[in-house]
Amino acid sequence: MKTKMFAYLALLIACGFSLIVLADNHEEEDMNKLVFPKAYTAGSVANGGKISGVVKFDGEVPEKKKLVINKDQAVCDAVPKFDESLVVGDGNVLKNTIVYLMDITKGKDFDKDAKLELDQKDCRFDPHVQIVPVGAVLTVLNSDKATHNVHIFGTKKNNTSVNKQQPKTRKKMRLSREGVAKAPEGPVEVKCDIHGWMKAWIAYVPHPYFAVTNEKGEFTLENVPPGTYKLGYWHEVCGTNNKEPVAVKVEAGGELKQDFTLKIKESK
Amino acid sequence: MKIRNYTLLLVILGMFSVVPFIFAQDTADDAEEAQKVAAGKEVYEKSCAHCHGTEGRGDGSAAENLLPQPRDFTRGLYKIRSTESGQLPTDQDMFDIITEGMPGTSMPEWETALDAKERWQVVAYIKTFYEGFKESETPPKEISLKGKIPYSKESIEIGKELYTQFACYECHGDVGRGDGTSAPTLTDEWDYKSWPANLHQNWNYRGGNDIDDIYKRFVGGIAGSAMPMFEDPAFGLSIEEAKRYTQLDNKGEMTAAEEEEYTQLEDKMANAFEILDLINAGEGDEEQRKFYEESMKTFYEKSWHLANYVKSLSPEKRPEAAIGKNALRSQYVEGELPPMDDAAWDTLKESYFPLVGQIIVEPRQFNPTIDSVSVKSFYNDTEVAFLFIWDDRTHNTSEEENEDTGKTYEDAMAIQFPVKIPKGPTSPKPYFLWGGKLAVYLWQWQASAPQEITELTAKGINNATVQDVQTDIQTDSEYTNGQYRLWVKRPLETGDNKDLQLKPGVFVPIAFSVWDGANGDVETKRVISSWYSFVLEPVPSVKRFIYPPIVALLSLGLLIGLRGFVQRRNTE
Amino acid sequence: MCRCSSQTKKRIFLIIGFVLLGFVLFSIVPAFAQDMTDAEYRPFPMIGSRNAAWIAAQLHLLFGAFILGVPMFAVIIEFIGWKTKEERYDRMAQEFIKLCMGAFSTTALLGGVLVFILLWCYPKVMSKLSGIFGPTMIFYVVLFFGETFTLYLYSYGWDKMQGRHKGWHLFLGVLLNVWGTAIMFVSNTWLTYQTSPATQYGKLSEKAKEGWLEYTLSQNPELTRAEVLKDVTDATVTNLHNETTGEFLGTVWDAVNNFTWMPVNIHRLIGNIAFGGSIVAAYAAFRFLVAKTKEEKAHYDWMGYNGNFIALCGLIPLPFAGYWLGREIYMFNNTMGVNMMGALFSWLFIIQAVMIGILFIGANYYLWSGMGRIEGAEKYARYRPIMIAIIVICVGIWMTPRTLSSISTASEQSAMGGSNHPHLGWFGLMTAKNTVVNIVILTTFLSFLFYRRSGKHPTANWKNLGNIVISSIFFLGVVVIVVIGIVGFAVESDVRVNVLTPWQVLVALAVMVVVTIIDIFMYRKATTSGTIKWGGMTDRSQYVLILLAITFTSLMGLMGYARSGLREGWHIFGVMKDTSVDAYTPSLSSAVNMVSIIMVIFFALVGFIFWLGLWGEKKKQKAVPTMETETLAEGND
Amino acid sequence: MKKPSLFTICFVIFILCWVFLRFFIGGVISKPIPNSVILMYMALVFIAILVHISVEDTRFREFLRPIHETLVDENRSTRRLVFAVLIPLLMCGFTYTNIAKKANPPGDPRTVHPTPPDNLMYKDIVLGTMDKAENPFRHYEKDNPEAYKSHIENGRTVYYQNCFYCHGDHLDGKGHFADALNPLPANFQDPGVLPNFSESFFFWRISKGGPGMPASGTPWNSAMPIWEDYLTQDEIWEVILFLSDYTGYKPRTFGEGH
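Chains as they are written, first to last, in our numbering: chain A, 7 to 274; chain B, -1 to 570; chain C, 1023 to 1659; chain D, 4 to 261.
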């Protein structure tokens, strides 16, 4: 009798536990992605505020890892390349972090003139992290004398995978039909399978309040309509703050400073 | 379908009740669909869920050890489609895959296990895992097979040229054995290791191996994998122009005239790509559209040539395993046995030994990369020579220890014989996995010591010992274009009772173990074969000329005798 | 006896000498056994102990089968002759017994040789067996005495006890069969015990129950009496020995009444009849072929017919008896059953199937040939091709092996997709085999029915209706058998073995019984149109009779190998291990060789005995009864 | 047209039977039949024809007539000559091909159903005698269908994590590793497999695998792993439940009184 009861109890606990784990897992999936508002209306913004700041890295800065170039050395190994998943500049500033407003529903429109280019130069994607408005056209350049293939991973939300070869004869390729992201999501991985080390990220976004930190770790979000927002970030290895976004209050015409300090996400 | 036709008829005839009938038809269709999905769920859960997961995420209980991984249906990524890149598959595509399975993977053909109705139901159910199927209003655009170019020597020649132009070698290697320089780093979108196809083994093509299939894979890409949708690298150029361009491109120094020609061609292409982008974006004027269509025609033509070339690389069908009459037969030659590079080897037919992952003893190999080993052999009065040939996409000689496991991963090969040849069909052979109670005799070869063979005696896969007395076994080996060739020569008799002693005319069990370092093969993790047979084919005896005439004479005598007997009987 | 020639006397003395020699050898069993327990095995020179024992045992068994089988139908035929007052039956019965006489002494002698070999080579086993079966051995000797005595009285009193004393003579004949059957039953106990030394607890004697209980408790001190007794009624008690002391725990009856005793008894009883009939038929065929006169030919044709008829009567129920035996073996020990049907001996059963196929085809052939000598039998000839087709197809299914791994090349196997053929593999299953064997039996029965009807015209006014009824019964019977067979593929084997197959057998038997009854009534007052021209048989059909005898003999030899080999490494299965050099099961091919050698010896001996029988006859010209217009079938009704 | 002779008819029937077996049964409707089996069937056909023609004397004579004529008839000397050349030539050719034929390696005669030991063991634990050991979950089928179902589910997981590589998704012995195995893996969809053996027998074969085959099972050559090294007792019993549940075939049971 007793053993049976224990067994039941154990079973019950196990069930509960696995439920928690499952639920956790589910969340975990979203944890690595950006968070978008349900809807966004673009219009003109009068007297918007500005959010800026610096993203810093906290922790021991790992040594720069030189990529092993195992092929096309003549083209690809002319410039030494390093792993770009964690680029820390002087003063521990962190490059390639997306900082954005999570819950903005109304605001400015995208900059129509902005050039959306993903270059492949010296067998490296440039930029490493890129913001692409939903529905926009991305121009992929091939500045190398080598064949690449642009492999943008598919996602669950109807953004099917794109994988197009870009021969060295084709300097410019507009990813129009395939490249139009149908839904906001990301960032998604971009790879060149031919040169396995080439990697980049693209975020399909529905509104323009996204910024990627530069070499100095700086970001700026301009022309933000006054209001209270959740400020989020994403970084390739440091993850997101989706669980505890920073609340910011933007005053009309005001300027807000918000710095972040990121640590390497603990891998499970 | 029927309901729809029926309604259509009614719409035309019954002018007055159009609306309600359409409505009725819609709901009927919906109900039918719902029923189909429900039925499909049942079938799915019995037959598919163990690999693809109850929620279609490709995470069923069996998924752990499978490579390629079972399809994750929640992302709408389907490798084998008849539709263009970035598009969803047609229902027929999904039905076909279920029906025929995917060769070279763990996806079996379901044709015999499920009837057609059930398979369609499963298709309906699988589509519910991905919202994209519901949302897409227009049916996916199928790849047109128009303008197919017949399979011919000329076409294959052109295809071979294009193979380089299109940079297929990057992954598939110079001659197509999947040994391209990019091969070791390829992964799929789920970050699982994937290997480029060995184009010499078309029985492993996931989506079928006829020319149409190859063409579709080429034009439409293989979604989720590293195989991209191809772009004509010489778009806007004719095949001849493209050839010329490649010629010039490969030239180190160009004359001024050539330089100019080269620039011209480049401009032409740049221009063509420009137009291509415009058309893709839905822009472009009538003239540009015309140019685009012309150029695309050339591209499709090239694709057919390429498909023809790829088709030509593999044998017609997978070679028959070396059993029965296909057993490995060593041919007798007089005098010296030919060395590895001798042309004499080409005169022999290969015997084909399929290999599978060793999943009996830990560590196990569930995802083998080596498909088979082919063997040829010669012998003379004192010696026997073997040539072992197998495809391996990577050449791993690394003697460095792996940081994580502390093991070295290198390519290797072991050829296994029993120590004592079984006397007859009922006399037991040693256990096929390196022996057991009965011992086996092994030749072990490693890529790091390509000119050496070690003799082992084993009484179990983890119970092998290097023989104290090593017979002088001559070895030679090479690795080229994704293929190993290993040449071994040994005396027929060694005088060592731990070795196998060979005599012509006696069938000897033979088995293989092969390691692919790049696939993590080490120790018992390897690919293996079960026992096969080989024989030193005896020189045909003279008896075949002596006995037949005797038999003929005897039978004639018998006939005459019979006639005499009948005649006597008649007269009696 | 006084009328006998001096040569006959010589012969009699010879026979008596042989018998006595055998008897002496036999009677020293217990004496020998007691003293020789110290040596476990002694080698037999040249051929080895096992082969020696094998040859002697098998030969003894073949002769024994003959002398046990023949008197059974001799008595019946004698009775028929007495009642119908037809001398030819009486003559034939006497001729049978004469054949028997010669074989009898040989049997005794061989028995003696066998015992001697066993005692010499296997003293420990014999001591163990005689320890258990001591009383039965004495009983056996007594029976043997009775048998010998009765046989002599019966045979040599034949001519004297005609007329008034015929009733007494017949009684002697019956007594002879009682002795004979009892002898076989007794000797069967020893060898069945070796194979299956076990019985159900519920069937044990009180003494054995108590003994076993005590012993079990002493071996498992943690158990209580109640615990052991719980659900024990159905349990198979495999060991009736105290392993430490070697004491036998039950009465002799407990050892006798083991799992396979009765099935083997029945199987052998029927088998002996069939075997005896076939040997007699072969003898008749031989005499037919060498006969010089028409009368002689007619007589031996008739005798061959009768022999074959008897063999057929035995052959038809034989598979059912065999099935029962097999079932009991499964019941006793599943492993042994699997061994028999699926593993070690499975190929033997394919060979058996081939032989039984030959038997059935041969028997039918003989019947059809026989119809050639009956006027008015032609009208049944048109059914013959269909019947041939049915039998051949059924035999084909019957002999299709389940696993083709040893008779197909590797490439054939890969073409089939395994060692089983995807469709023919179904024929290899038991249910298919049971179905076809029932159909073959029914077809053979139909052949016989046609034979019986040949040359006769029923006068019953319901003859058309009767024919329709008979046809529908046949048709329905076959349909039911086939349906049961098909259902058999889908059900659990437990159901199949215990329900479906018995039903199939019952249906086949029912068809035969009902049809026979209807047929007898229909042809009660039949007019005859044709005559049987005895002696008008083809030579071919006589060779078939000889072939049948040979097949029977090999079949018995092979089945003996299976029954004995089933024990594998045991003298007494599960009780006493074979530790001799021969403690392995010989391969099928060596068994086939052995059986062939034994068969050759057997026929040489039989030929010699028959020749002895001819010896005395040469002088007196035999009066052969003239054949009348009657059919024999009538006489056998 | 002249009616063909009995001999011709028989000859044609014989050939037709062969064609039927070789190409129709062994081609159109099923897989090829091994030659030895065809030979066996053809022997039966031959016997059947022989029986039919020889059972009546008149017919036998009619059958033999063409042979007789060819042998002795004055008018048939051309035909006789043709046969006198043809038959020895055929025999000559037949002998030559037989002698010159390349020997094929011996097949793998393997005991399909090896004899199980008396006791059922899991590692060193005796689970009972082979006859008596029962599947501990089998009784749930009647008294607790829910639990029964869950054990089957466990069995399913065990199967698809361990067995299906060889025995196939559909339990038909056609897993993706099956091609290269010799002998081929067991096909549980075959009605001759599950119903003929007890669950204890399957437990034994699964737990001990190829290396655990008894000596009487030789020459064995099975790639079946020793599953007791990887699976628990319960898992083996569960996978047996799953096999029978999926295929609908019940392993052999022994009726009352055994």
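One thing to keep in mind: the hints can contain errors.
Only pairs whose alpha carbons sit at most 27 Å apart, straight line, appear in this in silico DSS-like list of lysine-lysine [claimed, not checked]: (1) LYS249/B - LYS127/A; (2) LYS177/A - LYS205/A; (3) LYS178/A - LYS288/B; (4) LYS178/A - LYS249/B; (5) LYS295/B - LYS77/A; (6) LYS174/A - LYS288/B; (7) LYS104/D - LYS501/B; (8) LYS135/D - LYS1225/C; (9) LYS1555/C - LYS1316/C; (10) LYS34/D - LYS115/B; (11) LYS104/D - LYS34/D; (12) LYS158/B - LYS174/A; (13) LYS288/B - LYS177/A; (14) LYS132/B - LYS146/B; (15) LYS178/A - LYS541/B; (16) LYS34/D - LYS323/B; (17) LYS44/B - LYS104/D; (18) LYS174/A - LYS295/B; (19) LYS541/B - LYS177/A; (20) LYS72/A - LYS151/A; (21) LYS158/B - LYS177/A; (22) LYS135/D - LYS541/B; (23) LYS139/B - LYS127/A; (24) LYS72/A - LYS541/B; (25) LYS115/B - LYS177/A.
Hints in this document: simulated from the structure, not taken from any laboratory.
Going through the hints against the structure:
no.: 1; hint: LYS249/B - LYS127/A; verdict: 23 Å, holds
no.: 2; hint: LYS177/A - LYS205/A; verdict: 19 Å, holds
no.: 3; hint: LYS178/A - LYS288/B; verdict: 21 Å, holds
no.: 4; hint: LYS178/A - LYS249/B; verdict: 24 Å, holds
no.: 5; hint: LYS295/B - LYS77/A; verdict: 33 Å, violated
no.: 6; hint: LYS174/A - LYS288/B; verdict: 25 Å, holds
no.: 7; hint: LYS104/D - LYS501/B; verdict: 19 Å, holds
no.: 8; hint: LYS135/D - LYS1225/C; verdict: 20 Å, holds
no.: 9; hint: LYS1555/C - LYS1316/C; verdict: 11 Å, holds
no.: 10; hint: LYS34/D - LYS115/B; verdict: 26 Å, holds
no.: 11; hint: LYS104/D - LYS34/D; verdict: 25 Å, holds
no.: 12; hint: LYS158/B - LYS174/A; verdict: 19 Å, holds
no.: 13; hint: LYS288/B - LYS177/A; verdict: 22 Å, holds
no.: 14; hint: LYS132/B - LYS146/B; verdict: 33 Å, violated
no.: 15; hint: LYS178/A - LYS541/B; verdict: 76 Å, violated
no.: 16; hint: LYS34/D - LYS323/B; verdict: 19 Å, holds
no.: 17; hint: LYS44/B - LYS104/D; verdict: 50 Å, violated
no.: 18; hint: LYS174/A - LYS295/B; verdict: 21 Å, holds
no.: 19; hint: LYS541/B - LYS177/A; verdict: 75 Å, violated
no.: 20; hint: LYS72/A - LYS151/A; verdict: 22 Å, holds
no.: 21; hint: LYS158/B - LYS177/A; verdict: 25 Å, holds
no.: 22; hint: LYS135/D - LYS541/B; verdict: 60 Å, violated
no.: 23; hint: LYS139/B - LYS127/A; verdict: 34 Å, violated
no.: 24; hint: LYS72/A - LYS541/B; verdict: 73 Å, violated
no.: 25; hint: LYS115/B - LYS177/A; verdict: 49 Å, violated
When each numbered hint is compared with the structure, violations occur for hints 5, 14, 15, 17, 19, 22, 23, 24 and 25.
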